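K.L.:
All chains, please: the whole structure from these sequences, using the hints.
Chains as they are written, first to last, in this note's numbering: chain E, 71 to 423; chain X, 71 to 423.
It is worth saying that the hints were derived from the structure and are not from the lab. Worth double-checking, as some hints may not be accurate.
Any copy will do: because identical chains look the same in the list, a pair fits if it lies in one copy or spans two.
Cut-off 27 Å, straight-line C-alpha distance, at most; resulting in silico cross-link-like pairs (DSSO-like, lysine-lysine) [what the hints assert, rightly or not]:
{"id": "1", "residue 1": "Lys300", "residue 2": "Lys226"}
{"id": "2", "residue 1": "Lys300", "residue 2": "Lys86"}
{"id": "3", "residue 1": "Lys226", "residue 2": "Lys382"}
{"id": "4", "residue 1": "Lys161", "residue 2": "Lys141"}
{"id": "5", "residue 1": "Lys300", "residue 2": "Lys358"}
{"id": "6", "residue 1": "Lys97", "residue 2": "Lys300"}
{"id": "7", "residue 1": "Lys382", "residue 2": "Lys161"}
{"id": "8", "residue 1": "Lys141", "residue 2": "Lys358"}
{"id": "9", "residue 1": "Lys259", "residue 2": "Lys141"}
{"id": "10", "residue 1": "Lys398", "residue 2": "Lys344"}
{"id": "11", "residue 1": "Lys97", "residue 2": "Lys382"}
{"id": "12", "residue 1": "Lys344", "residue 2": "Lys259"}
{"id": "13", "residue 1": "Lys300", "residue 2": "Lys161"}
Source: prediction; values computed, not measured.
There are 2 protein chains.
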Amino acid sequence: MQSVSANTYSVHFNDKAYTELNTHLEKANYSKVFILVDENTHQHCLPSFMSQIFGDYNYEIIEIEEGEINKTIETCVQVWHVLSELDADRKSVMINLGGGVITDLGGFVASTFKRGIDFINVPTTLLSMVDASVGGKTGVDLGSLKNQVGVINLPKMVLVISSFLETLEERQLHSGFAEMLKHGLIRDKKYWNELNLVSDFNKLDEFIYDSVVIKNDVVMQDPTEQNLRKILNYGHTLGHAVESYFLESESHKTLLHGEAIAVGMVLEAYLSNKLTGLSDDSLNAIKKTFINRYGKVSFTDEDIKNILTYLKFDKKNSHGNINFVLLKTIGECQIDVIVSEDLLYKSFAYYKV
Amino acid sequence: MQSVSANTYSVHFNDKAYTELNTHLEKANYSKVFILVDENTHQHCLPSFMSQIFGDYNYEIIEIEEGEINKTIETCVQVWHVLSELDADRKSVMINLGGGVITDLGGFVASTFKRGIDFINVPTTLLSMVDASVGGKTGVDLGSLKNQVGVINLPKMVLVISSFLETLEERQLHSGFAEMLKHGLIRDKKYWNELNLVSDFNKLDEFIYDSVVIKNDVVMQDPTEQNLRKILNYGHTLGHAVESYFLESESHKTLLHGEAIAVGMVLEAYLSNKLTGLSDDSLNAIKKTFINRYGKVSFTDEDIKNILTYLKFDKKNSHGNINFVLLKTIGECQIDVIVSEDLLYKSFAYYKV
Chain E
71 MQSVSANTYS VHFNDKAYTE LNTHLEKANY SKVFILVDEN THQHCLPSFM SQIFGDYNYE
131 IIEIEEGEIN KTIETCVQVW HVLSELDADR KSVMINLGGG VITDLGGFVA STFKRGIDFI
191 NVPTTLLSMV DASVGGKTGV DLGSLKNQVG VINLPKMVLV ISSFLETLEE RQLHSGFAEM
251 LKHGLIRDKK YWNELNLVSD FNKLDEFIYD SVVIKNDVVM QDPTEQNLRK ILNYGHTLGH
311 AVESYFLESE SHKTLLHGEA IAVGMVLEAY LSNKLTGLSD DSLNAIKKTF INRYGKVSFT
371 DEDIKNILTY LKFDKKNSHG NINFVLLKTI GECQIDVIVS EDLLYKSFAY YKV
Chain X
71 MQSVSANTYS VHFNDKAYTE LNTHLEKANY SKVFILVDEN THQHCLPSFM SQIFGDYNYE
131 IIEIEEGEIN KTIETCVQVW HVLSELDADR KSVMINLGGG VITDLGGFVA STFKRGIDFI
191 NVPTTLLSMV DASVGGKTGV DLGSLKNQVG VINLPKMVLV ISSFLETLEE RQLHSGFAEM
251 LKHGLIRDKK YWNELNLVSD FNKLDEFIYD SVVIKNDVVM QDPTEQNLRK ILNYGHTLGH
311 AVESYFLESE SHKTLLHGEA IAVGMVLEAY LSNKLTGLSD DSLNAIKKTF INRYGKVSFT
371 DEDIKNILTY LKFDKKNSHG NINFVLLKTI GECQIDVIVS EDLLYKSFAY YKV
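P.N.:
Here's what the structure looks like:
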């Protein structure tokens, strides 16, 4: 599979990924190679990853606890201390082997350690392959506020090795698939239609590639999210609020990121139908796709009220306005749409029926 | 006084500084203006600063505790939380009003909050005017490791208002003056000679300007410290180690940054005499200047041994080597000089006699 070139780095796939990594490590002459893992990727991904690296490098493995709940500054502090104790210097490199928590947190730790060392992302979940792998967003959560602290900084390279998906549970694959559906909705109706036919999650390689190309194309045109890049936030304004609320609320089970934005994409399709001309047919098709694949999450009136209070912390807002990315049609977006609170409540009513 | 233009921002002085700030705030239309202070600058600098800002902006004052001991990630976490609670968004700005702790920490907090908001530095100490004001280095300490976590990111503007120096104790002025002496040593013998004649710290305006020009010239040529910028680290390799050790050791009083690098500059002048051709006369002149102005710090053999263990954490090192910037003559440097441990011990012996 061909590599996808971003501004100053490339996304490499499968066998080619290992070849490129070996070439890079040999050339870069790093003083030390740190590999950041969690207990899952330590057990299920690290052995096969290491077996493909040749050359006698100075390795250290750093393991953190898995899960969004550990994507915190406190975990960063631990990793910064470990790096210091293990004599990491500015010529060290950090390889982030894991899902979005590992690549987001590891990217932030590397970008800020001694004011920045090289890092390489090796996403091991479908979600991180199609989302975190491209674009340079790094960061951690602050309490329940997602990605509140971070920087935009590019990895040296991204390696997508689809055999890691074999280690994932079905629920994790569905979560990543939601971001792929989003890529279709915001940018490519044909791709959306193709994805709707997918039932076998063992044959995703070509689709992963398509999603990386779509996201990369958007990010390359607008790396710092002034305009076009905002379309990647479709479903995320309400989706993040739902995710944050469920993460913090003790009476709700935690939703995976893709499960939360699946809700957000239905809610925001309703807003799109009311405000930016999305047709009734498209709205119904979108709702059907997501409810069929992800089921329906239950919200009480109290839940909805609480979720809407999270919106004011959304990074995309300014001057007290809530900005949405909405759909004009499937495949085309409108950015910077301001939505009334009343309509937000109505979107939940539509989701529930 | 003329402004000094850096890559994408300018350093403005005194009255012009306030004019430029007012113009910028009016044009930028920030959603909120956050001013970071410590208890000292809150009391002694904020009132006169605020009296010079016109326009009806949405202000919030954030106060942190003063001192290097509070230049930590824990303080950052507090400030990030306060920003979140006060509805800071991506269109907010942070004005850092204080010494190096405020500008370094505030710059890091702003650079990482929601992946980066604008910040403006208003240094209130001599040290921060001539050092932190230019170059975009932000960061905090990790335990006793100075600036171990940070990013390089440029402020929107820097305002040097020399009347703030009237609020400082003599010892603080001396600390800043050490960095100015360094600018002479590494880049400009004439400037070094002029500074040696300075006794009245009430008339520093022109010298501050000269130091900003020297530092800016170096940083502009090499913003990411690949080569030339390393010369700014003269005196800092050993100076930082001394500073860190005294900060952490309970049996020593804490040294100000300038006091520590004054020691470092004598030690590294000795190394320069042995390794890079600095003349005996220059070595003696350098020692005399610093001992006369800063006195002599006492070191036991145990102290020296401990100080040298800090060197391995220096950010400028890689592959286990300790890299020094040394002087060839007063006004000219050589970078990337490797020094044996034996010679490091001898430099302390020279300092002590």
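K.L.:
The structure should be examined with respect to each hint, and the outcome stated for every one.
P.N.:
Hints, one by one, checked against the model:
1. Lys300 / Lys226: Both ways: Lys300 and Lys226 sit 24 Å apart in one copy and 24 Å across, limit 27 Å.
2. Lys300 / Lys86: For Lys300 and Lys86, the Cα distance exceeds 27 Å both inside one copy (31 Å) and across copies (38 Å).
3. Lys226 / Lys382: Result: close only across copies, 26 Å inter versus 34 Å intra.
4. Lys161 / Lys141: both (25 Å within a copy, 25 Å between copies)
5. Lys300 / Lys358: within (25 Å within a copy, 60 Å between copies)
6. Lys97 / Lys300: Classified as between; 24 Å across copies, 36 Å inside a copy.
7. Lys382 / Lys161: Classified as between; 13 Å across copies, 40 Å inside a copy.
8. Lys141 / Lys358: neither (33 Å within a copy, 52 Å between copies)
9. Lys259 / Lys141: Neither: 34 Å inside a chain and 51 Å across chains, both beyond 27 Å.
10. Lys398 / Lys344: within (10 Å within a copy, 73 Å between copies)
11. Lys97 / Lys382: Classified as between: cross-chain Cα gap 25 Å, same-chain 46 Å, threshold 27 Å.
12. Lys344 / Lys259: within (20 Å within a copy, 71 Å between copies)
13. Lys300 / Lys161: between (34 Å within a copy, 15 Å between copies)
Taken one by one, the earlier hints fail for this structure at numbers 2, 8, 9, listed in ascending order.
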